[in-house]
Structures are given as structure tokens and as C-alpha cells.
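Using the hints, position chain G against chain S.
Here's the letter readout for the chains.
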Amino acid sequence: MGKLGLIIRREYLAKVRNKSFVIMTFLSPILLVGMIVLIAYLTKVNDNETRVVAVLNESAYFGDSFFTEDGVSFVQLRGMGLPAAKDSTIAMGHYGLLHLPNLAGPDQVAQGAYFYTREVPSTAVLQTVESVLEDDLRAYRLESLGVSQEQYASVRQGYDLNTETFSGERSHKGINEFKAIVGGSFGYLIMMFIIIYGGFVMRSVIEEKTSRIIEVIISSVKPFELMMGKIIGTSLAGVTQFLIWILSAGMLLFVVLLFMDIDPAILMQRPGMPGLDQGLADSALAQDQTARLVIEEFIQLPMGMLILFFLVYFVLGYLIYSSIYAAIGAAVDNETDTQQFIFPVILPLMLAIYVGFFSVFSNPHGPIAVAFSLFPLTSPIVMLMRLPGGIGEGGVPLWQLLASLLFLLITFIGIVWLAAKIYRVGILMYGKKPTYKELYKWLKY
Amino acid sequence: MQAVLSVREVTKQFGTYKALDGITLDIPKGSIFGLLGPNGAGKTTLIRIINQITFPDSGSVLFDGEPLKPEHIARIGYLPEERGLYKSMKVGEQALYLAQLKGLSRQEAKAQLRFWFERFEIGDWWNRKVQELSKGMAQKIQFIVTVLHRPKLLIFDEPFSGFDPINAALIKDQILELGQQGASIIFSTHRMESVEELCEYIGLIHRSRLILSGKLSDIKKANRTGRYKVEWSPREGGRGLEHLQEQLRISEPVFHPEEGSYTFTVQLDDPQKAAALQLLAGQGDLSHFSEWIPSANDIFIQTVQKQESHG
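As given, the protein sequences belong to chains S and G, one line each in that order.
Start counting the first sequence at 15; every next residue gets the next number (the numbering used here).
Start counting the second sequence at 19; every next residue gets the next number (the numbering used here).
Isolated chain S, as found in the complex (with noise of 0.2 Å):
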């Protein structure tokens, strides 16, 4: 094994082997999974809960339109005025009382109708409510125009607008935010591994440094190997720890939905939007569009491409981000002294973040997505969240990957050469806290 693969292998097992990380492995899981259970189960028990809603109908209308549904139920009151009618929902702890009067039509009733609850009601309640009072008068509507429910259903028909690039890929609505979505999702993932693991390859440097071993070990390897070590084994480390994390949090979020019963789809559910007054077929046929076309495109994405430049850009970005960190960590003597060099690390990172958020979601091949994604500090995050549009024609231009890559890549070598040259200097510095002048006169050491 050559000198770098002992490196690495220390740092990685160095790495594994700690405590605090071992425990940050298997419990993050176990928190991350026990929070969406909790979740889950609070909003089941939450859904089972049936509220009891009393009804005092003193007119001619919506007499069998009130049936439990949606967590709902409905209790008939008869033969008492409106005041004996309150005093008995009080007394009978029920939710509340709809109170429909005694007048000429039913538009006048549902005008006249009140919902009398002990506190605000709750919207999933007064939706209920309200969505059978609105059905019941559409039909009444429907019935006085002389149409039919079905003549009604092929009129409240939905249409949406076909749409297709000249190149002839069909596309749809939502679906640049679908994909800016996707490609986000990778971005992200790069700035939380190089925040988290960067970190771990400053700390370690700054171990090596008061521990004083490392005049010991550069004595018997190149300062730039150490860095490249210990760099390339905590990133193995934190590579083992996301595949960890990915394969226990979604082996234990299975057994533990299935043991609890409760139906992964509750998650994916959408809370109820008020205002939708689609039948309810309607509107499961609508989502299931929706799904049926996000899947497809899901599954029309190029995702051997996407991965693969995944893979190229958290390794370039990854490194320069590192060898960054590697050097601050030899700059200083101790954690506390870092926060200054830091800070000018992580704001292209932010930055990447929240303009890949704001501007590429909109227009993913707009001028500010185009210079961010060229700009090297940027471009692993944002470029990878305008990938998902394919490249070339409709998607990314080729001029412009290969330009980003080529940034890329000069920019890791000059970074890395930069970082090198601090660290090489500032291991063996000790006692003060260098300036940023300082750090530039090392450059030339």
C-alpha cells in the first residue's frame, strides 16, 4: 500500500471509528424515521377523530344530504327552538350546530344558515359542512335549470392546452420546476456533504496540528499527500455514512409504516386546498394526471446523464470546497479561531442555494442561471439544477456545460495548488491567528 493509501486509510478509520460519528450514524436514522412516524401517526390520529355535528333543520330542504363523511358526522335534532338546540349540543359535548331556518327556497336557507361552534371551527370541518350545503344547491341550481347531473359533468369537462418544444418533446405545466426540483435535490446534496465534511477535514487538521504530530508526519510524507489523504479518507467516511443513512432510514421507515399500519401514501398526501369544488372524481382523476405525468417524466429523465454529472461535479466541487477548508484548518490553531475564514466559504455555497431556488425554478436557462452555473464556486450546485433539462437543444447548451466543466476544473487545480501551498506553511505555524495578509505572504514561502 503506498503512502497515499495509508493515508487514507487512517483517516477513514480514524473516522469510523469515532464515537460521536458512530452514534451520528445510527441515530439519525432513527430520529429522522421516528419524526416522519410521528408525523404519520399524529395526522391518522388526527383524521380518526369524528367530529359530531349537530343539525336543527326547520326548513323543507337538504333533509337526506347529511351522511358521515371526511371525519364528519351528523346528528339530526328535532322538535326544540334554536336556543334549547344549543344548550343540548353543549350539553352533549358535540362539535357544533348548523342551524338551517325555515324560509322559501334553498338558496335562502343556505343564506340563512348558521354554524355555531364553542370556538372557531376548525377548516376541515366547516369544508365538510360547507362542501354538502354547496353540492346539495347545485343540484337544486341544476334541477330548476332542467339539467341533467351527467349533461352537468360533460360541461364541467377541464381542458388543458397541449404543449411541445420544436424539437418535439412534449412537455408540461409544473414540469420545469418538477425537474429544477430533481436537479435541486443533487445540489443540495453537495452543499450538506461539503458542509458537514468539509468541516471534518478542517477539524482533523487542526487535531493533527495541536496534538503537535504533524512535523512527524511530514517528515515522512509530502504535506500534499497528508492533505489529499485526509481529504479523499473523510469523504469516503461521510460517503459510508450517507449510504448508512439512506439504507437504514428507508429499510426502517418500511418495517415501521408497515408494523404501524399506516399507508406511506398519507405522506404524500396534500393537505386539502380550499376552494376546490370539483367532484371528487374529478379531482382524484386530476391528480392522477398529475402523477400519471410526473412520473413519465420522472421516467423520461436522462438520469444516466444526471448521475454522472452528479458524480463530476461533487467530486471537483467537493475538493476545492475541502482543500479550502483544509487550509483554514492549518491556518489556525484551534475551532474557535475558524469562523472568519468560513464565512467567505460558505456564501457562494448559500448563495448557489437561493438563486438555484429562486432564479432557476423560473427560467432555468435565464442569464442568472447561465452565470451561476459557469461561476466555478457555483456551478456544481446550480449547473446540476438546470441539467435535468437535458443538454442541447431545450436544455443546457453544450458550450455552456463545457465551459462550466472547464472552469471547473482550473479552478480545482489552481484552488487546490493554492490551498496545498497554505496548508504546507500553516501546519507549522503555531501561536497567532494569521491575517488574511499573512496568508498571502505564505503563498510565497
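Check before you lean on any hint, since a few could be wrong.
Part of the chain G face toward chain S, derived, beta carbon under 7 Å [claimed, not checked]:
no.: 1; residue: Asn69
no.: 2; residue: Phe73
no.: 3; residue: Ile91
no.: 4; residue: Tyr96
no.: 5; residue: Glu100
no.: 6; residue: Gly102
no.: 7; residue: Gln118
no.: 8; residue: Leu119
Subject to a maximum C-alpha distance of 27 Å in a straight line, what follows is the list of computed DSS-like cross-link-like pairs (lysine-lysine) [what the hints assert, rightly or not]:
no.: 9; chain 1: S; residue 1: Lys435; chain 2: G; residue 2: Lys147
no.: 10; chain 1: G; residue 1: Lys153; chain 2: G; residue 2: Lys108
no.: 11; chain 1: S; residue 1: Lys455; chain 2: G; residue 2: Lys247
no.: 12; chain 1: G; residue 1: Lys128; chain 2: G; residue 2: Lys147
no.: 13; chain 1: G; residue 1: Lys291; chain 2: G; residue 2: Lys233
no.: 14; chain 1: G; residue 1: Lys105; chain 2: S; residue 2: Lys236
no.: 15; chain 1: G; residue 1: Lys190; chain 2: G; residue 2: Lys105
no.: 16; chain 1: S; residue 1: Lys17; chain 2: G; residue 2: Lys147
no.: 17; chain 1: S; residue 1: Lys458; chain 2: G; residue 2: Lys36
no.: 18; chain 1: S; residue 1: Lys17; chain 2: G; residue 2: Lys170
no.: 19; chain 1: G; residue 1: Lys36; chain 2: S; residue 2: Lys236
no.: 20; chain 1: G; residue 1: Lys190; chain 2: S; residue 2: Lys446
no.: 21; chain 1: G; residue 1: Lys147; chain 2: S; residue 2: Lys33
no.: 22; chain 1: G; residue 1: Lys190; chain 2: S; residue 2: Lys17
no.: 23; chain 1: S; residue 1: Lys451; chain 2: G; residue 2: Lys128
no.: 24; chain 1: S; residue 1: Lys17; chain 2: G; residue 2: Lys105
no.: 25; chain 1: G; residue 1: Lys36; chain 2: S; residue 2: Lys447
no.: 26; chain 1: G; residue 1: Lys153; chain 2: S; residue 2: Lys446
no.: 27; chain 1: G; residue 1: Lys170; chain 2: G; residue 2: Lys190
no.: 28; chain 1: G; residue 1: Lys128; chain 2: G; residue 2: Lys36
no.: 29; chain 1: S; residue 1: Lys236; chain 2: G; residue 2: Lys170
no.: 30; chain 1: S; residue 1: Lys17; chain 2: G; residue 2: Lys87
no.: 31; chain 1: S; residue 1: Lys236; chain 2: G; residue 2: Lys233
no.: 32; chain 1: G; residue 1: Lys105; chain 2: G; residue 2: Lys153
Beta-carbon label-pair distances, calculated as ranges [as the list claims (entries may be wrong)]:
no.: 33; chain 1: S; residue 1: Leu272; chain 2: G; residue 2: Gly154; range: 55 to 65 Å
no.: 34; chain 1: G; residue 1: Glu309; chain 2: S; residue 2: Arg226; range: 52 to 62 Å
no.: 35; chain 1: S; residue 1: Ile360; chain 2: G; residue 2: Pro46; range: 47 to 57 Å
Hint data in this document are derived by calculation from the structure and do not stem from the laboratory.
Just so it is clear, the structure is predicted and the values come from calculations on it, not from any experiment.
For every residue, glycine included, the Cβ atom is placed at its ideal position computed from N, Cα and C.
Chain G alone, transformed into the frame defined by chain S:
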């Protein structure tokens, strides 16, 4: 005399500060060499250049006659002044790692480690973490790691700082034994008296320049002052100190009433020595006569003063 290491006109500059200025010196094969000088003189910079941690701006270093190459690292053992170990690593694992970095195979490293652990009677430390060891224990490990790969050249930077006297003596014996087995050894220290007795050769560095180097005995000879320490008591009824003072350049005389003797220093040129001895022996009882030999420290101070008065 062959040199294991030749430093030729080495100059190193940090910004505007010249850390080494045209240093030229030879470390003879199999010798113990004292690299002496006050703190900040440039000793550590020179050592780092020999270990290829930093590189000279100009000049060259020859190891065994060839220009310094990365492969030479495996033949040099270096115990830096700033030394330490990975705190959370186990002793054995760590020693194996450091030995392998020096180019030993795992098996060789293990065999060597077993030998040294037995010699220092620390076999049961193998699975302990460094943070559980005392400072003295950790230093033994550092020493072992330095010499483990049987280097031809051993460099110790301030080796005895931080060692307690017992461990210091133990380490000193081990170093001398390695020297007898043929290793060349460089001691670097600002406490010159601590290594003077060990060193055959010395080099004095002051303000980035080598101001003196060579065989210690030669240097001492060259720095002879012609001063002799004398203890002498006048013979009963004979002539006293005044008579001697008429004929010899005597300084710092002290009378010791209990012994009835004088101690003093006398300045003599070589040709005068025989006559002076005759005089002393003839006029009284000569109980002590020895040349006052300057220590490395004295020579250093003298040389620095001489240089500064010359400008």
C-alpha cells in the same frame, strides 16, 4: 572522512526575514554532531530542510553524496521539537502506521516494534490509547517511532526537553548505542551544556549564519586561552605567593585558611609551562594544575563577541 550529509551554501528566506544565510557544513559518517545556537538562530529551519519539509531558496544538500531525494526520507529518523501523537489512536496501531509511512512493511514494522517494546518494557501498552499515557510514556513511543526503521541519520531537535531525568538518561543511552551501531546523529539544542559531552563535532549557528564548526576537540584547542587553574600551598618557611606573583601572571588568588593553600589562575604561554611548573613545585606543594578549557557555551559567546566587535 566521509560525510553522511553535506550542506552547501544553503539560504532560506521567509518574506523579508533571512532564516538561513549561506550555511555550509558536513556531518561526518558515524559521528555525533551538535547543532548549537540560541533559539531562533535557524536550527529548526535547517533541520526541516534536511527532512525535506521545506526547501532551500538556494544551495543544496547531499545525502550520502547524492542530492536529497524523497527516497532518502526512509533513511532519516527525525524527532522534532514540536512532537506529539494522535490522541485517540491506539499505541500499537499508531506506531505501525508511522513506521509504514517511513517505508517499512507491516511485518518488518511489527518485528521492530516488538523488539523496542520489549526493550522499554512497555509491551502491555499496545492496545492502550495515547490519551491514557503520561507525557513521559508518550515520549518513549515517539522515540521508538523515530528510530524504528534503523535510519542512517538520526536527528533530534531539543531531545531532552520535557523528559524527566530518568527517561532522559534512558533515551541518552539508547541514542549512544545507536551511534555505536553506526548511525550518524545530529543533536540540535540551545542548551549547549546538555549535549557537549556527547558530541564529537559541533556547528554553531547564530543569526542565520554558521559561525563555527568542526571537531569539538579541535575547536577547543583553537580556543585555548593559556589559562591554568592552580591549587598550591607554600612550603613551611618558604617564600609566599608574593614571590610567585613577581614571576608569573597570576589572577584571582584566593587563600583557604583551613588547608593553608591558595587557588589562582595563571596565564602561561606554552614555552613557559615547564619553567612555571618547576617554580611551583620547587617553592611549595602543587596539589592541582590544569588547563582551563572553555565550554562550547564559552566558545560560542566569545566567537559571537569577536564577530560583533569586527562588525
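Against the structure, the hints:
At about 4 Å, the closest approach between the beta carbon of Asn69(G) and any beta carbon in chain S falls short of 7 Å, and the interface hint on this residue holds. Because the smallest distance between the Cβ of Phe73(G) and any Cβ of chain S comes to about 10 Å, over 7 Å, the interface hint for this residue is violated. At about 6 Å, the closest approach between the beta carbon of Ile91(G) and any beta carbon in chain S falls short of 7 Å, and the interface hint on this residue holds. Nearest Cβ of chain S to the Cβ of Tyr96(G): about 4 Å, under the 7 Å cut. The hint holds.
Proximity of Glu100(G) to chain S holds as hinted, the smallest CB-CB distance being about 5 Å (cut-off 7 Å). Interface restraint check for Gly102(G): the shortest CB-CB distance to chain S comes to about 3 Å, inside 7 Å, so the restraint holds. Given the 7 Å rule on beta carbons, the hint for Gln118(G) holds: about 5 Å separates it from the nearest Cβ of chain S. Using the Cβ-Cβ criterion of 7 Å, the hint placing Leu119(G) at the interface with chain S is satisfied: the shortest such distance is roughly 4 Å.
At most 27 Å may separate the alpha-carbon atoms for a hinted pair to count; Lys435(S) and Lys147(G) exceed this at roughly 32 Å. The suggested pairing of Lys153(G) with Lys108(G) holds, with an alpha-carbon distance near 15 Å, which does not exceed 27 Å. For the proposed pair Lys455(S) and Lys247(G), the alpha carbon gap of about 55 Å is over 27 Å, so the pair is violated. Distance hint between Lys128(G) and Lys147(G) is fulfilled; the C-alpha atoms sit about 18 Å from each other, no more than 27 Å.
For the hint linking Lys291(G) to Lys233(G), the alpha-carbon distance of about 26 Å falls within 27 Å, and the restraint holds. About 22 Å separates the Cα atoms of Lys105(G) and Lys236(S), which keeps this hinted pair within 27 Å; it holds. Restraint check: the Cα-Cα separation between Lys190(G) and Lys105(G) comes to about 26 Å, which is no more than 27 Å; the hinted pair holds. Taken as a hint, the Lys17(S) and Lys147(G) pair is honoured in the structure, with Cα atoms around 23 Å apart against an allowance of 27 Å.
In summary, the hint linking Lys458(S) to Lys36(G) is supported, as the alpha carbons are separated by about 14 Å, within the 27 Å threshold. A threshold of 27 Å between alpha carbons decides the hint, and for Lys17(S) with Lys170(G) the separation of about 21 Å falls inside it, so the pair holds. The straight-line distance between the Cα atoms of Lys36(G) and Lys236(S) is roughly 24 Å, inside the 27 Å bound, and the hint therefore holds. With a C-alpha separation of about 34 Å, the suggested pairing of Lys190(G) with Lys446(S) is violated against the 27 Å cut-off.
A C-alpha spacing of about 14 Å is found between Lys147(G) and Lys33(S), which places the hinted pair at or below 27 Å, so the restraint holds. A hinted pair counts as satisfied when its Cα atoms are at most 27 Å apart, and Lys190(G) with Lys17(S) does not qualify at roughly 31 Å. The hinted pair formed by Lys451(S) and Lys128(G) fails the criterion: a straight-line CA distance of about 46 Å is larger than 27 Å. Taken as a hint, the Lys17(S) and Lys105(G) pair is honoured in the structure, with Cα atoms around 21 Å apart against an allowance of 27 Å.
Between Lys36(G) and Lys447(S) the CA atoms are separated by roughly 22 Å; this keeps the pair inside 27 Å, and the hint holds. The suggested pairing of Lys153(G) with Lys446(S) holds, with an alpha-carbon distance near 25 Å, which does not exceed 27 Å. For the hint linking Lys170(G) to Lys190(G), the alpha-carbon distance of about 17 Å falls within 27 Å, and the restraint holds. At roughly 43 Å between alpha-carbon atoms, Lys128(G) and Lys36(G) are farther apart than 27 Å, so this suggested pair is violated.
Annotation: proposed proximity of Lys236(S) to Lys170(G) holds, straight-line Cα distance about 21 Å (limit 27 Å). For the hint pairing Lys17(S) with Lys87(G), the CA-to-CA distance comes to about 16 Å; that is within 27 Å, so the pair holds. For the hint linking Lys236(S) to Lys233(G), the alpha-carbon distance of about 34 Å lies beyond 27 Å, and the restraint is violated. Distance hint between Lys105(G) and Lys153(G) is fulfilled; the C-alpha atoms sit about 12 Å from each other, no more than 27 Å.
For Leu272(S) and Gly154(G), the hinted distance range of 55 to 65 Å is satisfied, since their beta carbons lie about 59 Å from each other. Range check, Glu309(G) to Arg226(S): Cβ separation about 44 Å, and the 52 to 62 Å hint is violated. With their beta carbons about 55 Å apart, Ile360(S) and Pro46(G) fall inside the hinted range of 47 to 57 Å.
Against the hints set out earlier in the document, violations occur for numbers 2, 9, 11, 20, 22, 23, 28, 31 and 34.
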